[in-house]
Each structure stands twice: as C-alpha cells, then as structure tokens.
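Order-wise, the sequence lines are chains A and B.
Sequence positions in the first sequence follow my numbering and run 1 to 407.
Sequence positions in the second sequence follow my numbering and run 1 to 407.
Hints may be right or wrong, so weigh each one.
Just a sample of chain A residues kept apart from chain B, beta carbon distances all over 10 Å, derived [stated by the list, open to error]:
| # | residue |
| --- | --- |
| 1 | L70 |
| 2 | R106 |
| 3 | K209 |
| 4 | R338 |
Below, in silico cross-link-like pairs of lysine to aspartate or glutamate (EDC-like), each with a Cα-Cα straight-line distance of 16 Å or less [to be verified]:
| # | chain 1 | residue 1 | chain 2 | residue 2 |
| --- | --- | --- | --- | --- |
| 5 | B | K210 | B | E73 |
| 6 | A | K253 | A | E299 |
| 7 | B | K102 | B | E133 |
| 8 | B | K59 | A | E342 |
| 9 | A | K59 | B | E342 |
| 10 | A | K296 | A | D388 |
In case anyone wonders, no lab produced these hints; they're calculated from the structure.
Bear in mind that the values here come from a model prediction, so they are computed numbers and not experimental data.
Ideal Cβ positions, reconstructed from N, Cα and C, are used throughout, including at glycine.
There are 2 protein chains.
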Amino acid sequence: MSGDSFIELDGGVTAPRHFVAGSVFAGIKKTNLSRPDIAFVHSTLPAVGAGVFTTNRVKSAPVRVSQAYLRNEETRTIVANSGNANACTGPIGIEHAKRMAKATARALEVKERSVLVCSTGRIGVPLPIEAMETAIAGGAATLCDDREASRRAAEAIMTSDSFSKECAVELDLDGVKVRIGGIAKGAGMIDPNMATMLSFVTTDAVIDKKLLRQALVDGVDGAFNRITVDGDMSTNDTVLVLANGAAGNAPLKDNTRAFERFQDALNHVLFNLARMIVEDGEGVTRFVTIQVRGAKTREESRQAAESVANSTLAKCSWFGGDPNWGRVMAAIGYSGARIREEMIDIYYDGLIAVQNGTGAPTPAEKLKKIVSARRFTITIDLHMGDADYTVYTTDLSTRYVELNMSE
Amino acid sequence: MSGDSFIELDGGVTAPRHFVAGSVFAGIKKTNLSRPDIAFVHSTLPAVGAGVFTTNRVKSAPVRVSQAYLRNEETRTIVANSGNANACTGPIGIEHAKRMAKATARALEVKERSVLVCSTGRIGVPLPIEAMETAIAGGAATLCDDREASRRAAEAIMTSDSFSKECAVELDLDGVKVRIGGIAKGAGMIDPNMATMLSFVTTDAVIDKKLLRQALVDGVDGAFNRITVDGDMSTNDTVLVLANGAAGNAPLKDNTRAFERFQDALNHVLFNLARMIVEDGEGVTRFVTIQVRGAKTREESRQAAESVANSTLAKCSWFGGDPNWGRVMAAIGYSGARIREEMIDIYYDGLIAVQNGTGAPTPAEKLKKIVSARRFTITIDLHMGDADYTVYTTDLSTRYVELNMSE
Numbered sequence: 001m002s003g004d005s006f007i008e009l010d011g012g013v014t015a016p017r018h019f020v021a022g023s024v025f026a027g028i029k030k031t032n033l034s035r036p037d038i039a040f041v042h043s044t045l046p047a048v049g050a051g052v053f054t055t056n057r058v059k060s061a062p063v064r065v066s067q068a069y070l071r072n073e074e075t076r077t078i079v080a081n082s083g084n085a086n087a088c089t090g091p092i093g094i095e096h097a098k099r100m101a102k103a104t105a106r107a108l109e110v111k112e113r114s115v116l117v118c119s120t121g122r123i124g125v126p127l128p129i130e131a132m133e134t135a136i137a138g139g140a141a142t143l144c145d146d147r148e149a150s151r152r153a154a155e156a157i158m159t160s161d162s163f164s165k166e167c168a169v170e171l172d173l174d175g176v177k178v179r180i181g182g183i184a185k186g187a188g189m190i191d192p193n194m195a196t197m198l199s200f201v202t203t204d205a206v207i208d209k210k211l212l213r214q215a216l217v218d219g220v221d222g223a224f225n226r227i228t229v230d231g232d233m234s235t236n237d238t239v240l241v242l243a244n245g246a247a248g249n250a251p252l253k254d255n256t257r258a259f260e261r262f263q264d265a266l267n268h269v270l271f272n273l274a275r276m277i278v279e280d281g282e283g284v285t286r287f288v289t290i291q292v293r294g295a296k297t298r299e300e301s302r303q304a305a306e307s308v309a310n311s312t313l314a315k316c317s318w319f320g321g322d323p324n325w326g327r328v329m330a331a332i333g334y335s336g337a338r339i340r341e342e343m344i345d346i347y348y349d350g351l352i353a354v355q356n357g358t359g360a361p362t363p364a365e366k367l368k369k370i371v372s373a374r375r376f377t378i379t380i381d382l383h384m385g386d387a388d389y390t391v392y393t394t395d396l397s398t399r400y401v402e403l404n405m406s407e
Numbered sequence: 001m002s003g004d005s006f007i008e009l010d011g012g013v014t015a016p017r018h019f020v021a022g023s024v025f026a027g028i029k030k031t032n033l034s035r036p037d038i039a040f041v042h043s044t045l046p047a048v049g050a051g052v053f054t055t056n057r058v059k060s061a062p063v064r065v066s067q068a069y070l071r072n073e074e075t076r077t078i079v080a081n082s083g084n085a086n087a088c089t090g091p092i093g094i095e096h097a098k099r100m101a102k103a104t105a106r107a108l109e110v111k112e113r114s115v116l117v118c119s120t121g122r123i124g125v126p127l128p129i130e131a132m133e134t135a136i137a138g139g140a141a142t143l144c145d146d147r148e149a150s151r152r153a154a155e156a157i158m159t160s161d162s163f164s165k166e167c168a169v170e171l172d173l174d175g176v177k178v179r180i181g182g183i184a185k186g187a188g189m190i191d192p193n194m195a196t197m198l199s200f201v202t203t204d205a206v207i208d209k210k211l212l213r214q215a216l217v218d219g220v221d222g223a224f225n226r227i228t229v230d231g232d233m234s235t236n237d238t239v240l241v242l243a244n245g246a247a248g249n250a251p252l253k254d255n256t257r258a259f260e261r262f263q264d265a266l267n268h269v270l271f272n273l274a275r276m277i278v279e280d281g282e283g284v285t286r287f288v289t290i291q292v293r294g295a296k297t298r299e300e301s302r303q304a305a306e307s308v309a310n311s312t313l314a315k316c317s318w319f320g321g322d323p324n325w326g327r328v329m330a331a332i333g334y335s336g337a338r339i340r341e342e343m344i345d346i347y348y349d350g351l352i353a354v355q356n357g358t359g360a361p362t363p364a365e366k367l368k369k370i371v372s373a374r375r376f377t378i379t380i381d382l383h384m385g386d387a388d389y390t391v392y393t394t395d396l397s398t399r400y401v402e403l404n405m406s407e
C-alpha cells in the first residue's frame, strides 16, 4: 500500500467515470425518520461484477439471489435497503429479493439478472415489498454522478452507523487515469438484529469478470476478513464490485505490474472501508490491532489472532485500560494454534510485556497508558515458525451491551 | 440421575468417611480481608486420585505439577490457594507449586507426590511462597471431619464467588452406604485475571485408580464441560477426585449395575457443582439451557450449542429480555454444524419461535416473558440426524463488563 502508486480522492462510488448513485425513501424502518432507506449504485455503461458473501450457513434471501445473479455475464446495478435484512423469511423472502431486482431493472431499463440485491436490518420480518416497489420505480430520477450522490447512497444503507463511509482513489496506468471508489455500512447494531457489513465498490478500469473476482477475493482477505467486533457473523454480509471499463486502460492481466498496482489501490479502498467499520462499532472506545508473528502456519497465526481479538475478557480489560496480558496469554492458549508457552513474547505498542511466557520488567504504568489510548497494537511473537497474521478489533464496553440488549 | 438411586446430604468433601478438610490464612490476596486463602482436603486413610485439567495450552504451574504427581499410585491430599493463579510464572512457578506440595506433605506427614496442588487468582505474579509455607505448616491443626470443615475449605478457594459451593450424596450399594461429596469455586472474575473453575470431590467408595479416572472423565463431560459463561478457558481449571475405600463396599467394577449407580451419583454431584458455578457467574441475570437436537453428529450438535451459548449478541439480547431468535439462527449458521436453514425449528421453554427456518406465529409477548425470567431453555431442532447436546450458559450484562474491565 505504498502511497506513490495512487492518490486518494474525496469521493465514493461515483468517483469512477460513468457510475451514478442515488437513494429513495420507502418507509422500511420503524422510526419516523424519513431518511432514504434504499440505495442504488449503477453503471451507465455495460459492466461486470463480482461478490464476496457471508460464509454463514444461514444466508439471507438477497445473498442467495445475488449469488445466483452473479452467474450472469453483465452486472450493472446494485439495489440495497436498510431496516430489514430479509433473512430467515422463507420462500417469500426469495420472492421479495427477486422483486427488488425486477423493480430496479424496470426503473433503470436493465436486465433483471444484471441487478444485485442487498438488505440489512431486522431478521425474520417480510419486506414491505409493495411500498419498496413503488419507491424503487422513482429511483431512476434520483441517480446522479456527482460527489453528493455517493454520499446519499452511503447514507441510505446506514443503520446505527454514526457516519457514512466512503473512499476513493485514482491511479495512473501507463498514462491512463483509473479510479476506484467505495461505500460501506458497518457494525452498528441497535436497530438491526444483527450487525451486517455491506460494501459496494466501483471502478472504471478495464478488467474481465474473472480477474475482477480474483482481485476482490484477495482484497477482502486483507480487509473485511481481518476485522471483528464481536465474533458474530451476519447472515447478510456482502462485498460487491462493479467494473465498467470507462477508463479505457489496456485490459488488466494477471501477473503484470499494472494489475499489481490496481490490486494495491483496490486493497487500499477495501481496507479503509473496513477500518471505518471497526472505528464506528457500537460503543467502541478502543481500536486494537492484533499482530501474531512466528506461528507454524498462517492458519494457526489467524487462530491465535482471532482468539485474542474475540476474547470477551481481554476486550473488557481493554475497555478498562488494563493491559492484562494474562488474558491474552490464555486466549492464545485455547486458540488451537500450536504454541510453547515459554517461547511467547508479547509487546504493547512495541514495549515488551511478556518475555518467554512470563511478565517482562516493563513498568505496569507504561502498559496501562498504552491501553488507555484510543488506538494501540498488541504484537504476539510465538517463536514457532514464520507465519504471521493481523486482525483489527475493538474493546467490549458497557455501552455495547446496552445497545444490543434489545432490538 | 433418577432420584431413587441416591439421597442428597447436607455436606461437602467431609461427608464421605475418613476425609478431613481445613483452611489457613497466608495473606495472598491484595485485600485486607483476613479470610483464609489456602484450603486442604485430605484422606486420613491411603487413597487414590484422578484429575481432569484445562485443555488450554497455556497451563499454570500447579496444573503441570498435579498432572505429574497423579502418576503416583497414592493420592491423599489436595492443597489449593486463591488470590494468585501461579500461571505464566516460568520456572519459579513450577518450583513454588512443588514447594506448596512439599510443605503440605510435611505438615500432614504424607509423601510429597501424594499431594495435588491448585491455584486460582492473578496471572503472572510469583506466589508469596515463604508466607504460604509458614501458613501451610499450621494447616494440620485446622483439619476436621465435620460439616463446617468442608465449608471452610470451600470458602478458602472462593475469589469473587458470592456463595460457597458444596454438594454431597449417599447411595446404597448392596447394603453398604457409599458417600460422594464435593466443593467448587466458580466463574467469579473480579480479582483474578481469569475465571477459574476448581472442584474437589471425595468418596469413600472402594474403586481403583483407573476406574475412578474413567468415572471422573465421564462425569465432567456431562457437567463442567457443558457450562460456559464467556467462552474464555482458564489456564488453571482443575477437577480432582479422591477415593479412600472407607465404605468397604465390594470393589466397583466396570459394566456392573453398582458402578452405574455410583456413576449416576457422581454425575449428580459434578453437575450440581457446575450448575452452581454458572448461577454464580459475575453479573449474571439469566441461566440459559441450550439444547440442540437432530444434528448429524454429536460433535456438530456440540458446535451449534456452544456457538449459540457464546454468541455475544445473543447473550446481550437475553440480558435485555429480548427473544431475538434471529441472533440464535445466525449463531447456528456460523457454528460449523451442517444445517439446512429451512429445516430448523427453535423453541423457547417449549413454545415454538422458529418453524422451518422462519418466524412461527407464537406472539412475541409470550416469548419476551420467557426470556425475561431468571431461567429458560432454548431448544433447537436441526432435523438433520439423531445427535443431541446440551450446554448451560448465562446472559452478558453491563455488570459483567464493569466487573471485568480491570483487575
């Protein structure tokens, strides 16, 4: 992610050329706010798409429908609603997700199967589909390619997010300017029954569907797959990318310098959106980076990092500004990673806290000061091999519990 | 666990004949309370022992020492301290655990390797071993075989437990009265860096070391392995049993009716102690039984049950009295168990909440009432096979976070 290969732009999904966005109000949420609750992201040119979806075996209807529609060669449009997840809704849920796509296709004059569908919000309640179809019919009129259009779409997918999440970059590929932009919604969990991560990315690069999917999978692995707030995986998580080729660059090919630079820029957009999701987690007071080094395998380094990141006790101690490396040691111990206790070193922002599996002489006050800051990094060296892995997480606050104790 | 095969007694580890217990004060805890912090459980006759220990790969020094000493044929004594876990303490920790056993062996005139050692409390701090050796030297004088002696031992291993945990039963084996008694400490987590479960069980049954171990492993599988408060596994968890044969029954043999009845009674003691640990969990307002039925394999039913029991979001909703079956469905979905979403039924105290993977017509108010009670059962039928599994858990309250935000 070197800064010289691309520049950041102020923008989101409408930064790449020939992409428009918009939003409409369908009254899906229980609250009286008349904030738009349906977002559109659309390419005015033919485009291809790729998606990465939740691995939860309980999948929402829009996840199932979008997975099927992505088999279509062309993908031009994303329609997404907040306020209702359309999950655990049975056959009627599938019918409703299809009707969302169909209404959007009609309004934007594209093929039904070129539309992808997302939902976030309450589980187990049928969508108010008639009201949504009516609202969607008016959606075409809201589409615009300016800066604000992206923001309106980003706001329409917010649930309890406290700020809208957007990111855009521009890179130069042999004299051709290529842009990538994205929006996301995050781990806010008051109104929905479940935190859902949604992210939509657009690019005007010339890239085929297969390579676009490969780039997305790689990018998500370093971004959305690295963040955890509470270890609960949603039924609706979806990351989508659309590419319309409007930039006119030489078609991207795997294993080239140009593709590598495109991948770096895409990674940057995905990582930034993921980071914003963690920072905006409900009741979050700490943003914690967990680095595990020296595991025998990459899988084991991931196990150790995620075990620490999801330890209820460790997260409570961070909330209290308590370094409590004993809880970190215990979470490593039950992670499944092969370890030798007496080999483990642990650092807080580079200061050694555990040396050879036992307390290091660093004064407790210094460690407390680190863990009392908004951001800090815990580095764990297992000294067993060469594999490493990094995850990003939060503390667990009393406010988190209050926000999630009822829908 | 039929009630006719044994009767409950008011008592603990001193209910079986020729067992004594006691406690002394060594000043291990930071607080000024002069409550005893070292407990003894001791057989005045030769005895055999068995143990089940944490599977955490980070293991405390007393766990390592007790595992080694259990290879000795005779085991007569348990010495346990609260206030300091003697975990992550390096070679000096092993030395200290051995010195605890040695001091106890000298005081009680038994062999060093017939003494098992346990610790619970802060991680990463060396034991104040000299003060403990002095206190242990006076321990023999506190040993007594009466009802109160068991309570004093149970109290000496408490950390933030709000009540001491004891249980005892008597069964009749061909006219011979055999007793089993136990004490435990639980999932209180204020002062220690980590919740530790310790449980010590005594019996006057005639049973050999090998069969005793088998009975303990089976009993723990249905008791301590079924409870979860926060999914964090301690470095110190230990369940020990001593058998001294004082009852004089015909030696217990595997696959006999007598052994089966002994196992039932032992299971009852272990389960009752485990249940008390959950009920006394820090900040707990709900005791929740999660039953999973109809999984393809027992392992998958366990995965599904534990995933729901440890879901941060589901636990927060129980605290709020919110049935929120969507969070239960999601936790089943990411558990790793093979499921078909549309086959899942979920009941709250027998009332159907989810039918064929989607909301059942039971009024929300009825479900809310169930989840607002102190105890309720969630039954999940996957309809995939014949395997079932049950776990016992709690809600996640704001008080839990407050109690665990610093040591």
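For each hint, the structure was consulted:
no., hint, result
1, L70, "holds (20 Å)"
2, R106, "holds (28 Å)"
3, K209, "holds (28 Å)"
4, R338, "violated (8 Å)"
5, B:K210 - B:E73, "holds (10 Å)"
6, A:K253 - A:E299, "violated (29 Å)"
7, B:K102 - B:E133, "holds (9 Å)"
8, B:K59 - A:E342, "holds (11 Å)"
9, A:K59 - B:E342, "holds (11 Å)"
10, A:K296 - A:D388, "holds (9 Å)"
Comparing the model with each earlier hint shows violations of hints 4 and 6; every other hint is respected.
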